[in-house]
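Asker: Starting from the known structure of chain B, fit chain V onto it as the hints suggest.
If you read the protein sequences in the order shown, they are chains B and V.
Each residue of the first sequence is one higher than the one before, starting from 1 at the first, in the numbering used here.
Each residue of the second sequence is one higher than the one before, starting from 1 at the first, in the numbering used here.
Hints listed in this document are in silico derivations from the structure and should not be mistaken for laboratory results.
These figures come from a predicted structure and were not determined experimentally.
It is possible that some hints are incorrect.
It does not matter which identical chain is meant; a pair holds if it fits inside one copy or across any two.
Taking lysine to aspartate or glutamate pairs in the DMTMM-like style, the calculated list, with each CA pair at most 20 Å apart, reads [as the list claims (entries may be wrong)]:
(1) Lys445 / Glu320
(2) Lys117 / Asp57
(3) Lys269 / Glu200
(4) Lys445 / Asp312
(5) Lys412 / Asp322
(6) Lys294 / Asp57
(7) Lys445 / Asp322
(8) Lys446 / Asp312
(9) Lys146 / Glu346
(10) Lys219 / Glu372
Number of protein chains: 2
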Amino acid sequence: MKFVIIGGDAAGMSAASRAKRHMPEMDVIVLEKSDDVSYSACGMPYNIADADRDIDDLVVRKADVFRGKQGIDLFTGYPVDSIDTKNRIVSGTIRPSGEPFRFFYDRLLIATGGRPKIPDLPGFNLPGVMALKSLQDGRRIKNHIKTSNVGKAVILGMGYVGLEMAEALRKRGIAVEMVKPGPDLLPWMPREMAAVVKQELGDNQVDLHLGRKITRIEKTGEDLHVVCQDRTLKAGMVLVAVGIDPNSELASGAGIKTGVGNAIAVDRKLQTSDEAVYAAGDCADAYHVVTGQKTWIPLALRANRAGWAVADNVCGKSVELDSVAGTAVFQVFNLEVARTGLSLKESNHYGFEPVSVTIKTRSRAHAHPGAETIWVHLIGDRRTGRLLGAQMVGREGVAHRINAAAVALHAKMSVASFSQTDLAYAPPFGPVWDPLLTAANQLLKKMS
Amino acid sequence: MKFVIIGGDAAGMSAASRAKRHMPEMDVIVLEKSDDVSYSACGMPYNIADADRDIDDLVVRKADVFRGKQGIDLFTGYPVDSIDTKNRIVSGTIRPSGEPFRFFYDRLLIATGGRPKIPDLPGFNLPGVMALKSLQDGRRIKNHIKTSNVGKAVILGMGYVGLEMAEALRKRGIAVEMVKPGPDLLPWMPREMAAVVKQELGDNQVDLHLGRKITRIEKTGEDLHVVCQDRTLKAGMVLVAVGIDPNSELASGAGIKTGVGNAIAVDRKLQTSDEAVYAAGDCADAYHVVTGQKTWIPLALRANRAGWAVADNVCGKSVELDSVAGTAVFQVFNLEVARTGLSLKESNHYGFEPVSVTIKTRSRAHAHPGAETIWVHLIGDRRTGRLLGAQMVGREGVAHRINAAAVALHAKMSVASFSQTDLAYAPPFGPVWDPLLTAANQLLKKMS
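The following block holds chain B by itself, in its conformation from the complex (with noise of 0.2 Å):
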């Protein structure tokens, strides 16, 4: 059995190595277009904060250890271009040596993941101007900044690869201005929270431009600029942060059905509308445990997770993933910034009749030193009752919080059993009322 694996990274290697400890006597090849397999990709931005790091930290296992002790045939720099899913035949060409390539496979996983998107504009290519997603991309940035000295750096995009990499620059010394066509910072979370992350990012010299469509970027000399309708943003360096696409052309091009996003179709099971080829990571789609429908939320655990599931199929375990609830959290300077399941907007966008409440509390019990302001936001739904989503912002205690949330959203609790749930309680760590459950009995009180 040829178990084949397009892509080296979370999903690829996962489904790989869970294979292999499941049955060492499978042929599993892995077929990575870079050079880099298995790494943190979610920990580049910390890293680019500290000159002083190498950016090769953040490999988790080496391709030796991958190839050796775990006798996985993998090959870096084999970029996959075409699958022929009649023959089950994967090819390609040799990189840099331009030798073709041909696999044969029983099982094929496309793990291909995402890229960032790079709007079509005139000078998306200059030099100094960047993506965040592959090591390759993290090792560049590194030595654009050390080497052309980086004085300022625009960011395009004000998602959390954004927000991160503004303070990952912020603590390089280089000074940070974000630009942004929307007018408003983090749409799916109230006015009210998204001011609180704003005030941070100005607190930390963090120029924000919203509502500013950028037309093209130019360089001269060393400066790159920024062009937008009624400013020009001059800066050492350009990171495009906008999103990313999943990589599924791959899949397409060889007449698998591809969905929600452009991302490749999955069932449960991870396989894909050819049944001998399953999709996993940032290029596969995946259910959402509140509206039971596709959606497309490229995250780590999942691909990790999607990762093993594969395996455990490919190998003829039968394993059925659950749902996904688009939980997140990420940094932005001192506060810490999380959601779960839908935002208000995408509640009515599925048909719900949403109730929502924000709330103000605070990180520790009453009359207990250093308590930081925790604000919740959380949603219900009128009709069933259930619990939709929740967000959180603060200075402690929203990171992990978030979770108890996301578990409720799994068991599709409504908000008057999530209200009643039995959550811990200590002085330094929270008020005796979490603030998740004052948020629950204040959404209780509106909602009925």
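Answerer: Showing chain V alone in chain B's frame:
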């Protein structure tokens, strides 16, 4: 309608305030034996840790606010000593005047709380031998430390009050020795995890004497001598923290049924065996979410919640409370220790077929600086697949993480379902696979 409440702490004042909010025209009468109402009892160790803070900082709302703005008839210094359920009268003697009082009620709430267990041994009534439950206890302890210039304290018991007080006293520069007759620190926890707590106590110069039975306390000059079977410990102060008992004698004296741990037996509406009488807080029992059976776990959140539910029911809203999971967290110097649900021993006791794992992982992502070790203990039932309990120890990321497991217990989730929940990930806050998920994955393997 006359709603009489015995006890002016968490459950009692929560009920009083909420009843008045629902029905401003109702007569709400609170009879509190002490002079203190509505204070953060759990905050006392942290207040005692700081010589400069007034213990009255812990008062959440002053008696005058309840009396004035809220219109509650609050009587302090009114210890009730009997309940006549037939004629619906409570009576007692006003302190310090000695005058008798009698109140008729339509609905009665017994919220008499608990009291520290005091061993029936010689010397436990000596000055300097103290327990911590009421605000007055806290006042006494702070005063004793100050006036007697305590250099060393012996704490009897190693539960969370004892441990929190050990930290508080060390912060005051007081040497601390802790004694208990049993051989194990935190016997409900795996030995490997308890050893981490033990180490932390040792690192903070808290000496533990496990397996030492106390026979008496003696006083010579200014010194107290805690006499154990094989050793005598000298101290300027002895803190008795060997657990609490429910104050249920008033209820049982009136023919009201008590149950597990001698707590007052209540149904989901918090009604006692007498339909006009409710009980809430540390004096009342509850259903356990895992066993479905009665339990007695006196904790602050439940007291507040039960107080509200009684008010709702008295006001005709018919509210049933969900069960408790026994979720708890406490701080031991720089450690966070948390639990929810059943321990392994309890799981066996209640007839489950428990399987458990204890794992050690990191509090931050691979290569993220500042990571600490996190220990997770997870228990599942082999027969039904259900999650039964979780425990955690670590320097960060424990206190709120436990809540994800608590919600899973409320949802009666299987370990398999829990292992598939979509929990938050970002490098500063944990590994890609949350420690709870890693534990669930390993437990699942062991259960299958």
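Asker: Now look at each hint and say whether the structure bears it out.
Answerer: Hints, one by one, checked against the model:
Only between protomers do lysine 445 and glutamate 320 lie at most 20 Å apart by alpha-carbon distance; the minimum there is 16 Å, versus 38 Å within a single protomer. Within a single copy, lysine 117 and aspartate 57 get their C-alpha atoms no closer than 26 Å, and across copies no closer than 54 Å, so neither meets the 20 Å cut-off. Taking identical chains as interchangeable, the C-alpha atoms of lysine 269 and glutamate 200 are never at most 20 Å apart, the minima being 42 Å within one chain and 45 Å between chains. Taking the closest pair of Cα atoms, lysine 445 and aspartate 312 come within 20 Å of each other only across two copies (13 Å); inside a single copy the shortest separation is 45 Å, beyond that limit.
Taking identical chains as interchangeable, the C-alpha atoms of lysine 412 and aspartate 322 lie at most 20 Å apart whether they share a chain (13 Å) or sit on different chains (16 Å). Taking the closest pair of Cα atoms, lysine 294 and aspartate 57 never come within 20 Å of each other, the shortest separation being 36 Å inside a single copy and 52 Å across copies. For the homomeric pair lysine 445 and aspartate 322, the shortest alpha-carbon distance between copies (18 Å) is at most 20 Å, but the shortest distance inside one copy (31 Å) is not. For a Cα distance limit of 20 Å, the shortest separation of lysine 446 from aspartate 312 across copies, 16 Å, qualifies, whereas the shortest one inside one copy, 45 Å, does not.
Taking the shortest alpha-carbon separations for lysine 146 and glutamate 346, neither the intra-copy value of 42 Å nor the inter-copy value of 59 Å comes in at or below 20 Å. In this assembly of identical chains, lysine 219 and glutamate 372 lie within 20 Å of each other by CA distance neither inside one copy nor across copies; the values are 44 Å within and 45 Å between.
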